[in-house]
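Peer 1: Residue numbers (the working numbering), protein chains in the order written: chain A, 1 to 529; chain B, 530 to 759; chain C, 760 to 1130.
A couple of the hints might just be wrong.
[As the list claims (entries may be wrong)] Among chain B residues calculated to face chain A with C-beta under 8 Å, some are:
no., residue
1, 551
2, 554
3, 647
4, 658
5, 659
Honestly, the hints are just simulated from the structure, not real lab data.
Cβ atoms here follow ideal geometry from the backbone N, Cα and C, with glycine treated the same way.
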Amino acid sequence: MNLEALILEVRPRTPWEAMDLSVRLCVRQWRILLGSWMISVFPVFLIISIVLLEQHPYWAFFLVWLLKPLYDRVPLFVLSRVIFSEQTRWQDVLQAIPDFFKTGILSSLTLYRLDMGRAFALPVIQLEGLRGKQRTQRMRVLRKGAKNREVLLFILCIHLETLLSWGILGLILVLLPTDLALKGAEVVLVNTEPPWWVNALSMLMYFLAMMVIETLYVAGGFMLYLNRRTILEGWDIELTLRKLQQKYSDKTTLVNKGSAIAALLMVCILLPFGFSESVQAAEDQFDDLRYEIILPPVAPVKADPQQASKIIKQVMQEPVFKRTKTVSYLKYTGKQKEQKKLEDYSALERTLRRFFELTGPFIAFIFEAGLWILGLLLIIVVIKNWQRLQISWSGKSSAADTDLPETLFGLDITEQSLPDDVRAQALQLIQSHDYRAALALLYRASLSYLVKHYALDLKAGATEGDCLKVVKQHLSSAQEINYFIELTQAWQLTAYAHRELAEQQMQKLVAEGAIFYDGNRQMQEKADG
Amino acid sequence: MLDTIKTVETPEGVELVLSCAGFYVRSIAWLLDALIQGVILLLLGIALPSLGKFGMGLFLIAIFVLNWFYPVLFEIYMNGQTPGKRIMKIQVLLMDGTLVNWGASMLRNLLRTVDFLPFFYVLGFISMLFSKDFRRLGDLAANTLVVYKRVLKNRPEIPEVPAIAAAINLTAGEQQSIVSYAERYSKFSPQRAEELARLATPLLQGMTEKQTISASERILGIANYLVGHR
Amino acid sequence: MNQAQFIHNHEQQWLLLEVLCNPQLHPDKIIQRRKKEQGKRNSKASQPKSFYEDQILALSTELIKQADFPELYRAVCQHFSLAKSRRYSPHLIERLSLLVEQAHQVFYRPAHIYGDSALSGIIKFFTRTFPQTVRNEINWFWLSCVVFYVPLIAMVIVIQFRPEFVYSIMSPDSVSGMEAMYDPQAEHIGRERGSESDSLMFGFYIFNNTSIGFRTFATGLLLGIGSLFTLLFNGLNIGSVAGHLTQLGYSSTFWPFVVGHSALELTAIALSGAAGLKLGFSILMPGRKSRYQSLLDAARISVRIMGGVAMMFVMAAFIEAYWSSTQFIAPVIKYSVGAMLWSLVLFYFSFVGKKVDRKAGRQSTAGQNES
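Whenever a hint applies, use it, and build me the whole structure from the sequences.
Peer 2: Here it is as C-alpha cells:
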C-alpha cells in the first residue's frame, strides 16, 4: 500500500461536489458494497422477517428501520478501506462486524437515532471512536461552515428511498397482466389486513431500496466528512509536502517512510480499528506528528482532555469559526386591517368576475378572429414570397437538397475558378511540362461540369473514389464514364503516386476531354446569349 | 484518480475545467423549477377561469407551454440556466463548454419523458449513476452536460511576512502547494498550520531550535517570495 | 517573471476582457448602479458584479471602445496557459480560468444570440431545413406510416364486418360517448359551439395532441419500441373510432369533421414516429459509427423534425377547433378544403426548399467579373 493507491483526487471541494464524488465512488465499488451489504445485513433482515413479519408486521418494519445505524457501519467500513485501494473481501467485513458493536452503537440506536446528519457523524463515531462530550465538540468543529449539507443529503435520500421502494412495487404491478395487477393493487391498497405475501413483498422492496440508497447516503456523509477535514487540515498540501520530504530524505529509508506515511494517513481515517502492526510501527515513527486537536487522542491516550478542551475553546474564538448571523423573520403585527382589505378585494374580484363572464365570449371571439387573421396573413406572406420557397418541380433528385460543394479534396470546382479556354491552358501547361497542374485543371473542369450538369449527390468530404462511384451511377454514356475513369486514374497516379505520365497520354486526355469542358462552355454561352 | 471534473480543450488549445453536477443538486434544482411552475399554474388557474371556457383553453395552452417549453426557453435565453438551476448555481452547457443552442435544449427537454420512465426519473437516475459526468439520457442524446457555475471568491490574503528564498529548487506543483498553504493559512488552526509547515523538512534546513521564527512563518516567507512580494 | 510582475503587466487586458464579456461591468454602468444604491441608502448594498469593480472603474472608456475582443481573448488564453505552466497561485489561475471560460462562451456563442434574427431563422427553418430534413429521412417516414396507417385502415375495414371488434380496443363508455357526439339525429349536432368553446378546444388540442406527438418521439429512445407502440396504438384507436362511426352510418357528421385537420395531424403523428424510430434504430443499427456517435447524429437530425412537427400540431389544433367544428358549412366544402390541405402538405414536403439557390450567388459574382 502506498500513497498513489489513494483513489480520490485530494483537493478542497464544495459540499455538493463532495456528495457527487461519493456517488462516483459508490458506482466504482458497487460490487463489494452491495455484496458486503447482502452477506451482513440480509441475514438480519431475514431473521426479523421470519420471526416477526407474520404476527406483528408493523413491529417488523419498525425494527428494520430502527437498526439502520447498525447497517450503516458496513458500507462505511468498506469505503474507508477501498479509498486506499486496499483489497477488501467479504471475509474482512464479516471479521470486522464485532468491532461495529464496540463503537457507540447503543447511543446511535437510541439517543442519536433521529439525528438527520447521521452519516456525517458516523465516521467520527466509527473511525475516530469518539463518544460523549468529545464527540459533540468534534462535530461542532466539523460542522462549522459545512452549511448543513448533511441534513439536505438525508432529506434527499429519504425521498429517494421511498420513491424507489414504492416504484419497484409499482413496476411489478405494471408488468403483471392487467387483471392480476388490479387484484394485486386492490389487495395492497384496500385490504386493512393484507395477506402475508404482500407484507413480505413490500418488505423486500423496502430492503432493496434501502440497500442502494443507504449505501449512497453513507458514502455521501463520509465524503462530506473527508472534505471538511481536507479543508480544515490541508490534506492536499500535506500530501505534496510529504512527497517533497520523501524526495529529499535518504534513499535507504525511502521505501520505509513511504509506506509509513501512507499508513499514517490510514491512521487518520481508520483510527480505532484496523490497527495492523505496520500501522502501529508507522505511528511510532511519527509520534511527534500526532494531530493534537483535529485528530483526537488515539488508543494510547497522551493528550490531556482538559487541555484539549481549552485548545478547542481557543480555536472556537478564532475569527474563522466565530460568526454572527442576522436572521430576519416575519412578525405578526395585527389582523384587523388585513381583513378589511380582503373584503374589498373579494368584492372587486366579484365584479371583475362578472365583467369577465360577460366579456368572456367577446374576448374569445377577438382571439379567434385574431387567429384567423394571423392565418390569412401567413397565407398572403407565403404567396408573396413564393420565390423564396425554392420550389423545384423536378421530382427526381434529392441531391439538390444539399448545397453543391464548391471544393472537393481541396480543388476549387466553381465555374469562376476555371479559365475560359480550358483546352488551351491545359495544352500550355503540358508544354511547360507541368503535368500535375494540367491534370488538376482537367479534373476540376470535368467535375465542375458533372456536378452542375447531372446534379451529382456529392458531399463536401467526398474522395476521388466516391466521385467515381457516383459518376458511374448517374452517367449513362459509356464514353463519358470511361473517360472519367481514365482521368481519375491519371490524376491519382500523378497527384498521389508521383508518377509522370507520357506526354502522348496527356494529349489524349485533353483531346478526349472535350465532351466535358466544351459542354460546360456551351452551356455558358447559352446562358450568356 | 476519482474525480468529478471534466476537462475540455478549446480551439485555442486551452483546457477548461468543468465541474459536473450530480443528481443531488440537480434534483433540488428540478424541485425548485417544479415549484415555480406550480405557482405559475396556480396563479393562472385562479385568474384564467374567470374568462370562462376561453380562459380554460388558455390555461391548457399554458400547461402545455410550461410543461414542454419552460426549461427550453430559460435555457436558451438565460445562458443555460432555468430559475431553479440559477438558484442552485448550475448551468447546462454543450460538451465543448459552450452555451446550449435550440436543438440541444429542445432535445434534452423532450427526452425528459424517457428519463421519467418507468416512474419518477428512475431511468434518468440510473443513467446518471452509470454515465460519466452524471448525464441523463436526454443529456446523452443532446450532447449536453450540467456543470457548477463557478464564481470568483474573494482573493485570500497572504499573510505578509518578510520574503525568504527557498534553499532548494521547487517543482511547479510544490510551489503551488506552498502558495496555497499561505492562502489558506488563516483557515487552519495554529497548531495544525505549524504541523503542516514542519512537514516540509527540506525547506526548513538550516533552522535551529533557537531561531525566533517558527516553521510556519518560514513557509509563509517562502510563499511571499514565490508570489513576488520582495 | 514572478507572479506580481506578471499580474502588473497583464492585468489591464484581463479587466478589459471582463468588461467586454459582461456589459454590466462597463464603468458607466457601475457608476450608475452605485448612484442608485446611494439613492436608497437604507437598502443594503447589493453584491458587486465583479470582484475587480474598482479596478475596472479606473479603465478609460476610450480604451474599452478600442478593445478588440478576439485579440484580447487569445492573449488571455495565453496568459492562462502560462500561469498554469508556471504554477502561479491557485487563486490567480482560478481567476484566469474563469475569465477564459466566460470569454469562450461569449466567443463561441450559439447562433440565436448573435447572427440571424429569430424571424429569419424561423423562415429559413420552414422554407428549407424542415422539408429538406423530412425528405432526407423519408424512409423512416414510410416505415412510420406503415406502422400507423396499416392498423388504422385495417381496423376501419374489420369493423365494417365485425362491429363488436371496437370493444376490444375501446371501453364501452368511450364508445357511447363517441356515438353521442357524432349522432346526426341528435338535436344539437355533435360539437356545435361558440367561439368560447372553440377556444377551449383549441387549448385542449394543443395540450393533448402535441404532448402525444412529443411522447411518441421521446419514447423512441427506448430502441424504437416506444414509438412503434404509440404509433400502433394510435392507429388502432383512430381506426376503430372511424370504423365504428362509419359502420353506424354517422359518416355525414364524422368524416366532414375530421377531414380538415387530418392532413396536418396524421402527418405530424407519423413524422413524430419517424423521428422516434430514427433515434431508436440509430442505437440498434449504428453502422460504421459507434452506437453513441450514431445516436448523437440521429438525435441532431430528428429534433429538427420535431421542431416542425410542433408547429404542425398547433396548426392542426387551430383547424380542428375553429374550422372542423363549424356546422353551417356544407360537407362538400369541407371535403374540398380537406383535399386541398392534403395536397398542400404533400406539396410542401415534396417540393418546397428543393431548388438550391445557387444561381443568385454565382450570378452576382459572375456579374462582378464582367464589370
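Peer 1: Next step is simple, just say for each hint if it's right about the structure.
Peer 2: We went through each hint and held it up to the structure:
no.	hint	result
1	551	holds, 3 Å
2	554	holds, 5 Å
3	647	holds, 5 Å
4	658	holds, 6 Å
5	659	holds, 6 Å
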